[in-house]
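Participant: From first to last, the protein sequence lines stand for chains A, B, C and D. Position one of the first sequence corresponds to residue 0 (numbering that gives the first Met the number 0), numbered consecutively onward. Position one of the second sequence corresponds to residue 0 (numbering that gives the first Met the number 0), numbered consecutively onward. Position one of the third sequence corresponds to residue 0 (numbering that gives the first Met the number 0), numbered consecutively onward. Position one of the fourth sequence corresponds to residue 0 (numbering that gives the first Met the number 0), numbered consecutively onward.
Hints were generated in silico from the structure; no laboratory data involved. A portion of the hints provided could be inaccurate.
Each pair may be met inside one copy or between any two copies, as identical chains are not told apart.
[What the hints assert, rightly or not] Taking lysine-lysine pairs in the DSBU-like style, the calculated list, with each CA pair at most 35 Å apart, reads:
{"hint": "1", "residue 1": "K156", "residue 2": "K107"}
{"hint": "2", "residue 1": "K263", "residue 2": "K54"}
{"hint": "3", "residue 1": "K54", "residue 2": "K156"}
{"hint": "4", "residue 1": "K263", "residue 2": "K159"}
{"hint": "5", "residue 1": "K263", "residue 2": "K68"}
{"hint": "6", "residue 1": "K290", "residue 2": "K54"}
{"hint": "7", "residue 1": "K107", "residue 2": "K263"}
{"hint": "8", "residue 1": "K68", "residue 2": "K159"}
{"hint": "9", "residue 1": "K290", "residue 2": "K156"}
{"hint": "10", "residue 1": "K107", "residue 2": "K290"}
There are 4 protein chains.
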Amino acid sequence: MTAAPSSPPPARRTATLLVCCDDRPGLVAVLAQTLFDHGVNLLDADQHTDVEAGKFFQRIRFDWAADAKPDPLEAIGNALRPVAEGHGMSWTLHDEASRSRVAIFVSKTDHCLYDLLLRHRAGELVCDIPLIVSNHETLRPVAEQFDIPFVVTPVTKETKPEAEARQLALVEEHGVDLIVMARYMQILSAEFIAQHPSRIINIHHSFLPAFQGGRPYHQAHERGVKLIGATAHYATTDLDEGPIIDQDVIRVSHRDSVAELVRKGRDVERNVLARAVRAHLERRVLEYDNKTVVFD
Amino acid sequence: MTAAPSSPPPARRTATLLVCCDDRPGLVAVLAQTLFDHGVNLLDADQHTDVEAGKFFQRIRFDWAADAKPDPLEAIGNALRPVAEGHGMSWTLHDEASRSRVAIFVSKTDHCLYDLLLRHRAGELVCDIPLIVSNHETLRPVAEQFDIPFVVTPVTKETKPEAEARQLALVEEHGVDLIVMARYMQILSAEFIAQHPSRIINIHHSFLPAFQGGRPYHQAHERGVKLIGATAHYATTDLDEGPIIDQDVIRVSHRDSVAELVRKGRDVERNVLARAVRAHLERRVLEYDNKTVVFD
Amino acid sequence: MTAAPSSPPPARRTATLLVCCDDRPGLVAVLAQTLFDHGVNLLDADQHTDVEAGKFFQRIRFDWAADAKPDPLEAIGNALRPVAEGHGMSWTLHDEASRSRVAIFVSKTDHCLYDLLLRHRAGELVCDIPLIVSNHETLRPVAEQFDIPFVVTPVTKETKPEAEARQLALVEEHGVDLIVMARYMQILSAEFIAQHPSRIINIHHSFLPAFQGGRPYHQAHERGVKLIGATAHYATTDLDEGPIIDQDVIRVSHRDSVAELVRKGRDVERNVLARAVRAHLERRVLEYDNKTVVFD
Amino acid sequence: MTAAPSSPPPARRTATLLVCCDDRPGLVAVLAQTLFDHGVNLLDADQHTDVEAGKFFQRIRFDWAADAKPDPLEAIGNALRPVAEGHGMSWTLHDEASRSRVAIFVSKTDHCLYDLLLRHRAGELVCDIPLIVSNHETLRPVAEQFDIPFVVTPVTKETKPEAEARQLALVEEHGVDLIVMARYMQILSAEFIAQHPSRIINIHHSFLPAFQGGRPYHQAHERGVKLIGATAHYATTDLDEGPIIDQDVIRVSHRDSVAELVRKGRDVERNVLARAVRAHLERRVLEYDNKTVVFD
Numbered sequence: 000m001t002a003a004p005s006s007p008p009p010a011r012r013t014a015t016l017l018v019c020c021d022d023r024p025g026l027v028a029v030l031a032q033t034l035f036d037h038g039v040n041l042l043d044a045d046q047h048t049d050v051e052a053g054k055f056f057q058r059i060r061f062d063w064a065a066d067a068k069p070d071p072l073e074a075i076g077n078a079l080r081p082v083a084e085g086h087g088m089s090w091t092l093h094d095e096a097s098r099s100r101v102a103i104f105v106s107k108t109d110h111c112l113y114d115l116l117l118r119h120r121a122g123e124l125v126c127d128i129p130l131i132v133s134n135h136e137t138l139r140p141v142a143e144q145f146d147i148p149f150v151v152t153p154v155t156k157e158t159k160p161e162a163e164a165r166q167l168a169l170v171e172e173h174g175v176d177l178i179v180m181a182r183y184m185q186i187l188s189a190e191f192i193a194q195h196p197s198r199i200i201n202i203h204h205s206f207l208p209a210f211q212g213g214r215p216y217h218q219a220h221e222r223g224v225k226l227i228g229a230t231a232h233y234a235t236t237d238l239d240e241g242p243i244i245d246q247d248v249i250r251v252s253h254r255d256s257v258a259e260l261v262r263k264g265r266d267v268e269r270n271v272l273a274r275a276v277r278a279h280l281e282r283r284v285l286e287y288d289n290k291t292v293v294f295d
Numbered sequence: 000m001t002a003a004p005s006s007p008p009p010a011r012r013t014a015t016l017l018v019c020c021d022d023r024p025g026l027v028a029v030l031a032q033t034l035f036d037h038g039v040n041l042l043d044a045d046q047h048t049d050v051e052a053g054k055f056f057q058r059i060r061f062d063w064a065a066d067a068k069p070d071p072l073e074a075i076g077n078a079l080r081p082v083a084e085g086h087g088m089s090w091t092l093h094d095e096a097s098r099s100r101v102a103i104f105v106s107k108t109d110h111c112l113y114d115l116l117l118r119h120r121a122g123e124l125v126c127d128i129p130l131i132v133s134n135h136e137t138l139r140p141v142a143e144q145f146d147i148p149f150v151v152t153p154v155t156k157e158t159k160p161e162a163e164a165r166q167l168a169l170v171e172e173h174g175v176d177l178i179v180m181a182r183y184m185q186i187l188s189a190e191f192i193a194q195h196p197s198r199i200i201n202i203h204h205s206f207l208p209a210f211q212g213g214r215p216y217h218q219a220h221e222r223g224v225k226l227i228g229a230t231a232h233y234a235t236t237d238l239d240e241g242p243i244i245d246q247d248v249i250r251v252s253h254r255d256s257v258a259e260l261v262r263k264g265r266d267v268e269r270n271v272l273a274r275a276v277r278a279h280l281e282r283r284v285l286e287y288d289n290k291t292v293v294f295d
Numbered sequence: 000m001t002a003a004p005s006s007p008p009p010a011r012r013t014a015t016l017l018v019c020c021d022d023r024p025g026l027v028a029v030l031a032q033t034l035f036d037h038g039v040n041l042l043d044a045d046q047h048t049d050v051e052a053g054k055f056f057q058r059i060r061f062d063w064a065a066d067a068k069p070d071p072l073e074a075i076g077n078a079l080r081p082v083a084e085g086h087g088m089s090w091t092l093h094d095e096a097s098r099s100r101v102a103i104f105v106s107k108t109d110h111c112l113y114d115l116l117l118r119h120r121a122g123e124l125v126c127d128i129p130l131i132v133s134n135h136e137t138l139r140p141v142a143e144q145f146d147i148p149f150v151v152t153p154v155t156k157e158t159k160p161e162a163e164a165r166q167l168a169l170v171e172e173h174g175v176d177l178i179v180m181a182r183y184m185q186i187l188s189a190e191f192i193a194q195h196p197s198r199i200i201n202i203h204h205s206f207l208p209a210f211q212g213g214r215p216y217h218q219a220h221e222r223g224v225k226l227i228g229a230t231a232h233y234a235t236t237d238l239d240e241g242p243i244i245d246q247d248v249i250r251v252s253h254r255d256s257v258a259e260l261v262r263k264g265r266d267v268e269r270n271v272l273a274r275a276v277r278a279h280l281e282r283r284v285l286e287y288d289n290k291t292v293v294f295d
Numbered sequence: 000m001t002a003a004p005s006s007p008p009p010a011r012r013t014a015t016l017l018v019c020c021d022d023r024p025g026l027v028a029v030l031a032q033t034l035f036d037h038g039v040n041l042l043d044a045d046q047h048t049d050v051e052a053g054k055f056f057q058r059i060r061f062d063w064a065a066d067a068k069p070d071p072l073e074a075i076g077n078a079l080r081p082v083a084e085g086h087g088m089s090w091t092l093h094d095e096a097s098r099s100r101v102a103i104f105v106s107k108t109d110h111c112l113y114d115l116l117l118r119h120r121a122g123e124l125v126c127d128i129p130l131i132v133s134n135h136e137t138l139r140p141v142a143e144q145f146d147i148p149f150v151v152t153p154v155t156k157e158t159k160p161e162a163e164a165r166q167l168a169l170v171e172e173h174g175v176d177l178i179v180m181a182r183y184m185q186i187l188s189a190e191f192i193a194q195h196p197s198r199i200i201n202i203h204h205s206f207l208p209a210f211q212g213g214r215p216y217h218q219a220h221e222r223g224v225k226l227i228g229a230t231a232h233y234a235t236t237d238l239d240e241g242p243i244i245d246q247d248v249i250r251v252s253h254r255d256s257v258a259e260l261v262r263k264g265r266d267v268e269r270n271v272l273a274r275a276v277r278a279h280l281e282r283r284v285l286e287y288d289n290k291t292v293v294f295d
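Using the sequences provided together with the hints, build the complete structure.
Facilitator: Written as structure tokens, this is what we have:
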């Protein structure tokens, strides 16, 4: 944005700590002290307590000189382990140098796929996308434009178990951390989902819990609503019932046919899905009680 | 807004024609010609065809010199009658000089009531409000501040039939055209509703059809949605299933307790209800197939 | 919505009539009658009167059997000519079978270009796009993906007159009706603009009239606004002062750096530009007094 | 949410710490440790660093048992003083038991006043409102309905200095912490403003910086914008140039006359002003570089 400095700034590395546990006094202090003791610099710290549920959540993003010896990240991990054990914390420490690996699952509809790939190329979604999986050939040319391997695993009632086995193998083989269902029009089996807890994001084309299931725009048109929406959520074994990450709506009127709802809805779907994926990649999402905490 | 004219403009009267019928060619022309033949001036004409349902809708607002002789409104009515019969039209002709009479039903919550009364006083809702009906004494002081009669009809399981009979008598006695349920926390009986088709507007504190029934903010909190909403609809015998007139939403987050949802929801409820009542009073709403056409 | 009809429906053609003139009684009637007399079927009729300015605006969309003899469209044009003359109307009659021809001007930024091309391919923007013009080579691969000729006309202070002459020649040669400046970072000369009145749409990356001129996101960040926006407008010789077609905003906070504003702004820019182009193509925009009427 | 506890919970007190200083390592840790050392419980901790400006901001809300001896709040203040000095912090420690005292300044328009008073009564704005000041008698009945003293200080060009002297004396006398200009149509003098830095909130009826100065709705109508807005900001000696606390917009169209813009704008004005006042009262606003940090 500004004039280039005369010499490069000392390179810095960045990491994010996410913590969730039962609420108790002193949690913020102990975490801040642990990080401070290792000489890192806090960039953002956000904390939330669900008083009713008695749950504590924190996200801390910090950086340090890339040439620091010894590497503070490993030391912090070692220091946090006993702290976390003592407080019954579940926690993750994410080194931003280690990019998430995302597989995108699609069917025939291209707007969410294009949106994710363009945002990825523009640097909005910091991750690697080692493969796109589909049950149809339709979107292969899109994948090719972006030089991403495209694998077709046709799914019929009979072949679904094999197709999912193949998909799981691909996911495994490519070291995938996150599956994004970008209008993938197949229902994943409970077995598939169980293998990727909180690691599958789906976009449903309605404002959930209104209009669950199939053909939500038809349902919305039939009911005569004045807003339509989209919902990004983690996939769970209960269809359309998973923890909601983000939602949005757009105004419609009596003038809008189902086809117009589909058209208007596309803009909402792609924005909501992209926001949810971005939040997940930036480690701003914590899941509990079938809900989410999404830090800004 | 601008400098006062040296002499008063010739007074004009205004009326609105609303038409609904099966679609067929020539409807716009025949209506426009009928109005033109009687020398009135069209201010706004909006038309919609639901191609799928084969339905035609039109709203025309027009004015004329108040001293025109003979009165064109009566003549237009006479001219429209055979036209409407020939085309199977249902139609209403509303003289703006004849103000609607609105009864507001409330329980203990005051935000929607205050909002309606303040908008009424500010001239945003052109109508008379001859009475406020409640099942509790709580809001009597509000009614008194605005000099509107306040009638309490206590409702228990046992007394409901009598209470409704009393309410219907009051509505009849005061020549009420429209009942607005401004967070009236009682379910009207099918008999009551049947006597006022398309003339009872209710505000439900959720984005219908999500979270029908009781305690919608608790339901929304439990589900972990990222937007909450409100829905104004005509009351029908199917609870929360009536034709939707307007809806809106507001963003919420994990930080919002149920109490916060209630607080944020109040702003949406009052705005949505006021918009729906205003649209109804301005004859911008047409109902069909359990949906609405709401002209701008 | 989906069941295939047993035989194809008789093909129909569709056209849109746009009218603007000084307000006077009978305009709606005379237009409706003229159309009715030629046997066409009105699909949508929207009308607006600016009482203060004394201006009348109407948009009528109608269809007819494609095999009607003689062609009603030509007959309607002939019938309207004397009517329009008598009432001082300016009018256009647009046959939807005759697609608009759109040239997109770009520089190095791809989000608006991709958005327009994807919407075009999805059928949201009904037009032909015979060429993309740029002052840089950067986006040639995008044009190639969509098989659209891409012409580079480099612009420097010295070569601007020649570059514009070349651009005008291209526009002429390809029969272009509408130029869309999709983040084209050059200011068109008054001469260029004068040759395409109301036929150049620009997207400015701020909520005009706030933050006119260069680097609007920097200006917005400096001022500390809580919403950023985008504005699509017809280009005029007064930079950023042309008639506004559409605008929208998105919420930002103290957490957003200029880079974040740029990122969030992209979503608003592309949506606003696409909506404006779509409205123009569908003949829903009328211009007067440096403002627009945009029918729904 | 609803089940009554068998015995009342031990009463707790709550306070908010706001800190602003040049960024440097260890700030979060030292603050968290200081609070933890005094046995209080953190409810919410939000932190922001403006990397470009090198500024650190933190808000921490915490509670403790009301019967704790010695009172931790005083002890925390004593402990923070040297810390703050060492780090060049500016800070405030706000005991929620000590309610802010707010004076509302109005002229003749009642919608913002009513809105503030109703929200105050509903518990949305936790403060005392010891007086309402106006340059007109118009709104005295509103003040009386809410039992709040109403003082008229007529302002003419000649009497403005005396009027302001009287206003300042009233503000002093009533121990006022915050002045809310709820559509008070007078410009405060630089002297007046200087005596209440960051303690005067004004609502401007446009999306600043668009349409500064008088008659913003007329300006907006003239320009033909498609959105109108409102801006709540701290008053500074540069009119309409103070730090923005909150803003919002609403969609308008060619159908909206200036009077309609005024009507629609009222809803935005009152909501934006109320949100800004609430944020200020909850100590969620920090001011720097003529901008604000507003924590969620």
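Participant: Kindly indicate which numbered hints from before are broken by the structure, ordering the numbers from low to high.
Facilitator: Result: hints 3, 5 and 8 break, sorted rising.
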